[in-house]
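Colleague: Residue numbers (my numbering), protein chains in the order written: chain Z, 1 to 371; chain X, 1001 to 1212.
Honestly, the hints are just simulated from the structure, not real lab data.
Ideal Cβ positions, reconstructed from N, Cα and C, are used throughout, including at glycine.
Misleading hints may appear alongside valid ones.
[Claimed, not checked] Chain Z residues, not near chain X, derived (Cβ > 12 Å throughout): (1) Arg7; (2) Arg28; (3) Phe36; (4) Ser75; (5) Trp98; (6) Glu123; (7) Ala126; (8) Trp172; (9) Thr228; (10) Glu282.
[Claimed, not checked] Residues from chain X shown here face chain Z by an in silico Cβ test under 7 Å; the list is partial: (11) Val1022; (12) Ala1090; (13) Gly1092.
The lines below spell out each chain.
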Amino acid sequence: MTEDAIRRYGMAAAFVSVAFVCTLFLQRFFPYPFLFLFFAAVMASAWFAGTGAGFFAVLVSTLVVAYFFVPPYYSWAITPTAISYFVGFVVCALVVSWVSSERRKTEEALRETRDELEIRVSERTAALMRTQTELARLSRVLSMGELTASIAHEISQPLTAVVTHGQACLEWLSGNPPNLGKARLSTESVVRDGTRAGAVIDRVRALFRKEAPVKDWTDLNQVIHELTVFLHNEADARRVSMRTQLSPALPNVMADKVQLQQVVMNLILNGMDAMSGNNARERELVIRSQKDTGDQVLIAVEDSGSGLDPETAEKIFDPFFTTKPHGIGVGLSISRSIIESHGGRLWALPRPAGGAVFQFTLPVGAGESHV
Amino acid sequence: MSDPRHTDQRPTIFVVDDDASVREAVSNLLESVGFDAQAFSSTEGFRNAPRPDAPSCLVLDIKLPGANGLDFQDALARAGISIPIVFITAHGDVPMASRAMKAGAVEFLMKPFQKEDLLAAIRQALERDQIARQQDTEIASLRSRFDELTAREREVMDLVVEGLTNKEVAEKLAISEVTTKMHRGQVMRKMMAPSLADLVRMSDKLKSRDRG
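Chain Z extracted, bound-state conformation (with noise of 0.2 Å):
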């Protein structure tokens, strides 16, 4: 026998013991046994220990009960008018010990499917977040774009009206003798529709001011380590591997998360753009953080790519400077404005090992706008 058998099966013999010695107390007092304490340890043993312990407890209470409570007591033999009280006894046993099985077996069934319903659902929901990181991501992309060639449109139109009010204009001043009459409508025509270009752009920028940042105490090693989870799958793809180097006694700073977010973001993607031609090289990004000297923090992001030459270290935060073949050439560009306006500093360094350093420092005080 098993150790866990004999235990189950010690078990039910304890409760039965129990319940016979509290029926030999009771009956002290009353004219008739106290029989249901053995349906109670009958229960429980099919309850606690399986159904197996629980037919054993049927088994020595019928014993006991024929020994010690049928009469005649202390003998297994029983009086004929007892017979029908032991075998309603006995068979009570054997239905309380059936059912309170049965129920246990019921209720485990239903606690196995519930808890492999939680697995399930718990893995739906870590695959839905990846999901929507996902789809958040290629929205900002879209939205991006879509956002660019709307800009492009109403740009076009007066600067198409522009040009050609200018040629026209030429025309008219290269006449033998030249219409200056025209050529002066022409360039009023010229000023009022580049007037026109310059308020869409106007437009453009206010549309960016409206979203106004939302300022409050970030931990920047959470913002870093969801990041790094989100971008797991990422990494995986392009065979990067990507490591963490954080400073636990990072101080909080006040901050627009997800603006942060954004630049992190932003510098990890570029990280891994940059070791993207590796083929013989290990692909490694380190994000660290650390408390740095003064009051700020500062963060860098680490790559093993193909590193900056210094003319292209000046020239990688201009606005629509890229050495990406399908890059807009806005990233780093966002990315230095959102740190400048949080009081901070983004700058790029070749690391030594080879590759590129990007980092920031950020303000621990209240982090007002510097700009």
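Mind docking chain X on chain Z? Use the hints.
Modeller: For chain X alone, coordinates are given in the frame of chain Z:
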């Protein structure tokens, strides 16, 4: 290339663009180089405007309120209105350009466009319209001359252009050779054909138009 400014009928360029400043600018440019321009903010305006009896073309924006320029191109073709189209657009893509060119557009220009490109496209469009108009006029004139022939003369003409001799024609129509010669002379005179070769060419043109 023939300069459309020196033809006796001044060509008209129709401009349809919903953006007032672009419309005005294109008209101004066209006027500055000596074209007559008529600008409309919608395709309905263009449809309701009278077409002059002169070469013309249409400078059409793709994105218009209510009607897409490409759909309007199809609608014109279905209505049997043939006018060469130069498309201008601020946000074109390859499928749009390909659809426009397949449907017979002269050019597909992205805004802002260069003056030279627009004017070259317009000149090409006008030349195309000029040729189409000349052909229409020539066919119309041929048709009216052909209508003056008698039934017998038409029969003679049909057989002559097939290369039959007077004798063969006479046999086929069961008439005398002298009568055949007389009909043939009438055909050449009425059709104003200097030679048999010219008559054959005229006949081909009439038949090609009948088939088309």
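Colleague: Decide, hint by hint, whether the structure agrees.
Modeller: Taking the hints in turn, this is what the structure says about them:
Chain X leaves Arg7 (chain Z) outside its interface by the beta-carbon criterion, the shortest separation being 76 Å against a cut-off of 12 Å. No beta-carbon of chain X is positioned within 12 Å of the beta-carbon of Arg28 (chain Z); the least distance is around 101 Å. Interface exclusion of Phe36 (chain Z) from chain X stands, the closest Cβ pair being 87 Å apart, more than 12 Å. Every Cβ of chain X is farther than 12 Å from the Cβ of Ser75 (chain Z); the closest lies at roughly 103 Å, confirming the non-interface assignment.
At roughly 75 Å from the closest C-beta of chain X, the C-beta of Trp98 (chain Z) stays outside 12 Å, upholding its exclusion from the interface. Consistency note on Glu123 (chain Z): stated as away from chain X, and its beta-carbon is indeed over 12 Å from all of that chain's, at 42 Å minimum. Listed as outside the interface, Ala126 (chain Z) is consistent with that label: its C-beta sits roughly 39 Å from the nearest C-beta of chain X, beyond the 12 Å cut-off. Listed as outside the interface, Trp172 (chain Z) is inconsistent with that label: its C-beta sits roughly 5 Å from the nearest C-beta of chain X, within the 12 Å cut-off.
With 12 Å as the threshold on Cβ separation, the claim that Thr228 (chain Z) sits away from chain X holds: the shortest Cβ distance comes to roughly 38 Å. Distance check for Glu282 (chain Z) against chain X: the nearest CB is about 41 Å away, which clears 12 Å, and the non-interface claim stands. The beta carbon of Val1022 (chain X) comes within 5 Å of a beta carbon in chain Z, closer than 7 Å, and the hint placing it at the interface holds. The interface hint given for Ala1090 (chain X) holds, since its Cβ lies 4 Å from the closest Cβ of chain Z, which is under the 7 Å cut-off.
Because the closest C-beta pair between Gly1092 (chain X) and chain Z is about 11 Å apart, greater than 7 Å, the hint is violated.
Comparing the model with each numbered hint stated earlier shows that hints 8, 13 do not hold.
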